[in-house]
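Visitor: One-letter residues, chain by chain:
There are 6 protein chains.
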Amino acid sequence: MSLKVKDLCNIIEDFAPISLKEDFDNVGLMVGDREASVDAIMTALDCTMDVIDEAIEKNCNMIITHHPILFKKPSKITMDTLLGKKIIKIISNNINVYSAHTNLDSVKDGINDAVVNILGFDKSSILAKNNKAVKEAGIGRVVELEQNMTLKELCDRVKESFKIQSLRYCGDEDKKIHSFAVINGSGQDFFEEARKRGVDCIITGDTSYHYVSDYNEMNIAVIDAGHFGTEWPSVVVMSKKLEGALHKMGINTPILVSQNNIDPYKFK
Amino acid sequence: MSLKVKDLCNIIEDFAPISLKEDFDNVGLMVGDREASVDAIMTALDCTMDVIDEAIEKNCNMIITHHPILFKKPSKITMDTLLGKKIIKIISNNINVYSAHTNLDSVKDGINDAVVNILGFDKSSILAKNNKAVKEAGIGRVVELEQNMTLKELCDRVKESFKIQSLRYCGDEDKKIHSFAVINGSGQDFFEEARKRGVDCIITGDTSYHYVSDYNEMNIAVIDAGHFGTEWPSVVVMSKKLEGALHKMGINTPILVSQNNIDPYKFK
Amino acid sequence: MSLKVKDLCNIIEDFAPISLKEDFDNVGLMVGDREASVDAIMTALDCTMDVIDEAIEKNCNMIITHHPILFKKPSKITMDTLLGKKIIKIISNNINVYSAHTNLDSVKDGINDAVVNILGFDKSSILAKNNKAVKEAGIGRVVELEQNMTLKELCDRVKESFKIQSLRYCGDEDKKIHSFAVINGSGQDFFEEARKRGVDCIITGDTSYHYVSDYNEMNIAVIDAGHFGTEWPSVVVMSKKLEGALHKMGINTPILVSQNNIDPYKFK
Amino acid sequence: MSLKVKDLCNIIEDFAPISLKEDFDNVGLMVGDREASVDAIMTALDCTMDVIDEAIEKNCNMIITHHPILFKKPSKITMDTLLGKKIIKIISNNINVYSAHTNLDSVKDGINDAVVNILGFDKSSILAKNNKAVKEAGIGRVVELEQNMTLKELCDRVKESFKIQSLRYCGDEDKKIHSFAVINGSGQDFFEEARKRGVDCIITGDTSYHYVSDYNEMNIAVIDAGHFGTEWPSVVVMSKKLEGALHKMGINTPILVSQNNIDPYKFK
Amino acid sequence: MSLKVKDLCNIIEDFAPISLKEDFDNVGLMVGDREASVDAIMTALDCTMDVIDEAIEKNCNMIITHHPILFKKPSKITMDTLLGKKIIKIISNNINVYSAHTNLDSVKDGINDAVVNILGFDKSSILAKNNKAVKEAGIGRVVELEQNMTLKELCDRVKESFKIQSLRYCGDEDKKIHSFAVINGSGQDFFEEARKRGVDCIITGDTSYHYVSDYNEMNIAVIDAGHFGTEWPSVVVMSKKLEGALHKMGINTPILVSQNNIDPYKFK
Amino acid sequence: MSLKVKDLCNIIEDFAPISLKEDFDNVGLMVGDREASVDAIMTALDCTMDVIDEAIEKNCNMIITHHPILFKKPSKITMDTLLGKKIIKIISNNINVYSAHTNLDSVKDGINDAVVNILGFDKSSILAKNNKAVKEAGIGRVVELEQNMTLKELCDRVKESFKIQSLRYCGDEDKKIHSFAVINGSGQDFFEEARKRGVDCIITGDTSYHYVSDYNEMNIAVIDAGHFGTEWPSVVVMSKKLEGALHKMGINTPILVSQNNIDPYKFK
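Residue numbers (our numbering), protein chains in the order written: chain A, 1 to 268; chain B, 1 to 268; chain C, 1 to 268; chain D, 1 to 268; chain E, 1 to 268; chain F, 1 to 268.
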C-alpha cells in the first residue's frame, strides 16, 4: 500500500495531536506537498545539512525531525543563511519535511515517556500538565524510585541508557535520590515546578550556570545529559513506533534513522 | 560581461540603499543565491504564480519585484499555502527573487518621483521626509501646479498617464486643484501629512470608505487609481532605468517586463 | 404616544444588545440626552455634515447611524477638525445621535442577514460566531447556493440588489460559484475564515490590493461592492424594521431615511 | 481692538509654547471656534459646571482653565456623564474653552515660578528640567533659603500665601528647613528628584499615605496644601499677566477670575 | 503551647486565604523564618522604623502589618534607602514580618467588614466581588441606611468611630445620605463601581483633587478620613480577632498593638 | 589607613563606572552600609552560601562578587528561598556585599580584557561597542592571531589558561583558527555579532544546543569553557588589581579570593 505525505501527517497527528503543542511552538508539515507520495522516510532530531545530504543519498523524500526546521520564520530564503541553504536544498531535491515537537514531547507514550522507559523506569507522573489538552499530556515526568539510588548511580544509568560518553552534573555523588524529574531537551523553564514537587534531582539538557549554581545550593542535583543526549534515544524509539504503526496498516515504506545526525558537542 | 546576482543587488542598492526602507519593510535578495549568474531578468510589481510561470517560460532566472514576496514571513513552506507554492516553484526552477520596495519608493528619482514624471510633472517636494536617510528621500511627493487643473482634468490625466480604464475618486469634478500629493500604493498613512500641507487632492491606491468619506467632507479630493494602477507604470520606468545602468556597464543581460502581472481588480 | 431617546435606545438594544458589539467598537447613544423626547428620526450610514444639515432642515432631533460618530474619541472639539464641527453643529441644534454598529451587524436578522435577503437569499450560516453572545450572533454570513451561479451572474445580482452602478471584482467571469461569504463594510479581517469555509467568492467592501491579489491567485473570487454599497441597503431595511417596531407600540414618530447620505466614491 | 479666539491662543502660546507640555498632557483650544471673537474671558482652575454657569451668567464666551477639560477623551457626549453635560452646555452656549496646563506649569515665569513668588521668594532653580524644551522650562522649583525657617513657619507661610484655612503636613514642626521643593498640583512623580536634590521639605498637593509615610521616615517634611490650594493663586496671577499682555496690545477684553471655582475639599 | 511562625501563617491564611489577594499585591511571610518560634507579636498598619524599634524594645520577634513591607521589591538592601535600613534592622534583630493586605481587606469579616462595624453598622454588601474567590469576598462594602443621615452626621460618625480629629470631605453638609460605600485605604479605583451602585457618599482615604472635584459635581459626597484613619481601627480589631483565635487554641503568645504606628499626616 | 565601604565603592567605580553596565543589569553596593569600615574583603564570582560561610569564618565583612546577588529582586526575604537565606545570613553577620558585573566586563582592562590576557594574547578589539559609554568599552573581544592555531590547540590553550579539566566544543579539531571572539559568561546574545565579524571560533560559556548546532553547521567552532570557567580566572586577576590599587593608596585591608566558590558543574 503506497503512502502519501498527508497520510503520514494524519498517522502522526492521531498519536500526537497538534493541539498539544506549546504556544511558542511550530509543528506539522514544514516543507513540501501533502499530495506527494512517500518513497522512504528519514528520521532525525534536527534537519541539519548532513541529514538532508544523507536523505538525498538514501532516496528518502520525507524527513521527520523532532525540532521544527522553521522554528524561526525566515525573512530571506537565500544561500546567505544556513536556513536558506537548507530550504533551497530540501525543495531542490523534492524532499518533504515534517516536525513533531512539543506535542510529541508531552503526549502519553510520547518522547517524555520514552525517556523514562529508556532510563529503565515504567511509572511516572506528568510534571507540568497541559490543561487545554483533550488527551492526558504535559511536559516533563516525575519518577518516584521504589529503591533510592545515589546520584552517582543515576548518572551512570543516564550515561548507559542514553549511550553518551560524558555528561555534566552538580550535587554530591553519594546523594540519595528518591525521586527525580526528567525534561528532555531544554528543561530549565520547568525547574521551579520540579522543585515544588520536591524532587531530589532533575535530568535535562541545555542547563546554564546560574540555574545549576542555585539548584546545587538548594541541594537539588542536576544531571545535564545534553539536549541531544536526552532526546536522540527517543527519536529512535519514536521511529520504531512509527514503523510499527505503518506495518500494522500494511505500509512498508522504509524508515531510516539518520546516521549523520550527531551531537555537535564534543567533550575534551 | 556576465552578471552575478550579487552584482545586480549592488547596482540596485547603490541607487536605492536598503537603509532607506521603512521599518516595517523587508527588501533585498528574497530567495536565491548571490553567487548565481543571471541569465535574464523579469521585472514585475508582484511575484504572482503567473509571473513565476512566465519567468520559467522565458528562461528568466532572476525576478525583480517591487512588493517583497516574503513581506509576511512563512511558518510553513508547503503546497497548502499560496506563498508555499510560490517558494517551492521558484526554488525548484532555480530562480532568484529580489525586491526593492519602500527604499525604491522614497529614494530621489525612485518610484515616487517616477509617478510624478509619468503624470507629466517634473517638480515636486517630498511629503514625509525620511530623517534617518543619508540621501534625500521620503515617502510621497507634493506637486504645486503652475496652472490650476479641475479635478476632472486631473482624473483624466491620471487615467491617461497610468493607462487605466477606470478609477474611483471623491470630490466635485469642477474643484480647482492647485496642489496635490501623490503616494503610490497604499497611501492612507500619509493622508494627515498631506492635509497639513494644504493639498487640494491626494492621488493614491487602496483607499477605504471612512478615510474617503472624511476627506471628502474636508473638501480634499481623493483619486484612487488603484495600488496596481499607481505603481505598475513606475515598475516599467524602473526596469528601463536598470537596463540603462546595465548597458552602461557593458552588461547585456535581457530585462523583460512581465506581461502576465496584471491588476487583479476588474471594474463592472 | 410620545417617544423619549431612552425608549428608542431600549427598543434598539432589545433587538441588538450592546453586548454583541466587537471589542474595538463604540455603540449606543453617542451625543445627546436620554430624557429628551424624539420629534423625528433620521437614519443614515454615517453622520456626515450633509446628514446633520438634512436633519436640521427636516426637524429631526434624532439621528441613528450604523457607523459610530465617536469611533475615534476626540481630544479636541473645535472647528479645526471635521469631527469637532460635527459635534458642535449637533449639540448647537439639540440633536441626539445614536449608533448601532457591530452589534447590529452580527445579531440574527440584523444587517448581515438583511444583506443576504437583499441579495435574494434567505438561508445562510454565521461565518465568525460570537462565542460570548447570549443570542445567536456573529460577523459575516455564508450562503450555499442550491443552483450554482457564474461570477458574472453574482456580480450582476449584487449591482442590482444593492442598486449600485459600478463595483470592482476579481476572478474569472465564468467561474462557478457554489457558495459565497458576505461581510458588509470592511470584511478583510474575516477573509481567512471564509477561505477555511471553502467559499468560492467573498462579497464585501474596502478591499485592498494585496488581499485581492492573493485571493485571486487562490482562485477565490472577490466582489468589492463598496463599504457604502454593501451597507446602505440594510440601513434602509433596518429603518423600516424600526418603524414597524414603533408602530406596533403605537408610536408614530416619523423615521426619515437620509437622502443626503451618499457614497463619497464616484467611478470614472 | 477686538480679539479673536485664535489671537488669544497665539498670545498664550507665545508665552507658554505647546511644545513644553508633558507627553501625557492635552493643551490648547479644547472646545470652540478659532475664528470666533472673544467678548469676555473667564479664568479658572477647572471647567466645572459652576464655572460654565458663571461664564454664561457673566457673558463670558471664553473660558481659560489650567486643567484641560478633555484630559480624558470622551467616548460618549451625553447627559449620562458629567463631561457630556459640560460639553453640551458649553457648546449650547457658544462658549470657547482653552487650557494651558503643564506647558504653563513649566515655562519660565509660569505657574511654578508664580507659586514661588506667591510664597514670597524670588530665586529658585528648576527641579526636573524639560530637555526637549527650546525655552528654559521644567516641572517644580527648588528654593534655597538664605535664612532657615522651621517647618511650622513654612506651613504658616504656605497657609497665608495661598490663603487656605487648613493643610496637611508631616514632619516635626521645629524641623529646620534650608531648602524646599514646590510642585503645584500633584507632585508625587517628582518626589524622588526632590529627595536627590537634598531638600528638607516638599510643598505640593494630592499626596498619598505611602509616599508621606516613607518621606516622613526619611526625615523629609511634606506640606500638602492641596491641588487647588497650590494652583488657584497662580491662576489669579496668570489672569492678571494675561490681562496685562492684552492691555499692552490695546485689547480691553474683560478678564474675570471665576468666583465659583472653589476647592471641593472641606476640612472638618 | 508554643507558637511557630508557620503556625501563625496558617492561622491567618485559614481566615484570609492568600488566593483572595488582588493581582498587584504581595502578602504572606515577608521576612524571617517559618521555623522560628514566636515570642511576642506586634501588629501595625505599617512596618515603619518606629514600629521596628518598638518591637525590639518590647521583645516582639513577630511583626504583623496590613501593608506589605516588600510591596516594592528592592534592587538594593543598603543603608542608602529607607527600605534597606528597615530590612537590615529587622534581620539584625531576628524579627519575622508578616503582611495580610488585600486578602484581609476583602475576606468576609475582614478589614472591610470591620470598618462597617466600627462605623456602627452590621449589614453591608460587597462592592466589587472577587469572582475568582472560593470564599465570598471582594473589595469595598455598601451600606443601605434604614434611616437617612445627613452628610454632617456621617462625617461626625466617621470622626468618632475612627477616633480621628480631622477629615476632608466634599458635598453639602445637609445632603441626605441613604446609602454609602466604604473602601478602606486608597479606594479611588472603585469609585466608578460605587457610582454605578447609586451610593450618595463614598468613605475612603488618599483621594485626589480631580476625582473629588468630579464626584462633587456628580453630587456624590466623598469623606476622605485618611488611609491611616480608615484602616488603623480595623488593625486593632484584627489584632483582637487573632488574639481570640490563638487563645481558643491555648496559645498565649502576647499580641501588642503598636503604640508608635501613628498617622504621618498632621492637620494645621 | 582604614577603608570604608563607600571608599571601596568609589575605587571600583572609578575603574568601572556604573554607567557602563548593560540596561538589564544591577551593580553597585547590593547589601550593607556605605559608612561601615571594611575589615577584610573576600572576592568571588558568586555570593553562594559557601562563600558567605567562608567570609564569616575568615572575618571578611565585605564580599565583592562579579554576579549581582540581587539580579532578581526578591518579593520575599525568608528562609523559604535560597536568596532569602543568603540575605538573612549576610545581614545577620554584618557583611557588606558589592557587585561589579557588566560594567566590569566591558571596561578597558576589565574582565573581557583579562580573559584575553589569561589566554596569552595582548591585542584584541571590542566585539560589541557600548555607544553610550564615556570610556572605550563594550562586551566581548576579538583576537586576530598572528599565527593560526588549530581548534585542538586553542582548546588546550583554554583548558590550560583557565585551569579547567574539561570543556565542550564543536568543530573539527584540525580547523584553522585565524581569529576568535571571547565573551566571558553567557555569550550567545553576541554570537551573531561575532559571525558578522567573520571569526573562526567563539569562546564562551552557557551555550545551548540549537546555537551550537547551527554555528557548527556554519563552520564556526564554539568552545564552551563554562560560565564559571571563563570568568573565575579574571575574578582572581581583578582581586589582585584591586589589591594593587589599595596598596598604592596605603590601604592594607586584606583581600582574600574565596576558596569555596567552585564551579557547581562536574563532568562524568
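One or more of the hints may lead you astray.
Because identical chains share one entry, a pair is satisfied inside a single copy or across any pair of copies.
[To be verified] Keeping only pairs whose Cα atoms sit at most 20 angstroms apart, straight-line, the calculated DMTMM-like set for lysine to aspartate or glutamate is:
no., residue 1, residue 2
1, 175, 50
2, 241, 80
3, 163, 23
4, 73, 33
5, 132, 217
6, 4, 146
7, 73, 160
8, 72, 25
9, 266, 23
10, 76, 214
11, 266, 153
Hints listed in this document are in silico derivations from the structure and should not be mistaken for laboratory results.
Visitor: For which of the previously enumerated hints does the structure constitute a violation, in increasing order of number?
Guide: Numbers 2, 3, 5, 6, 7, 9, in rising order.
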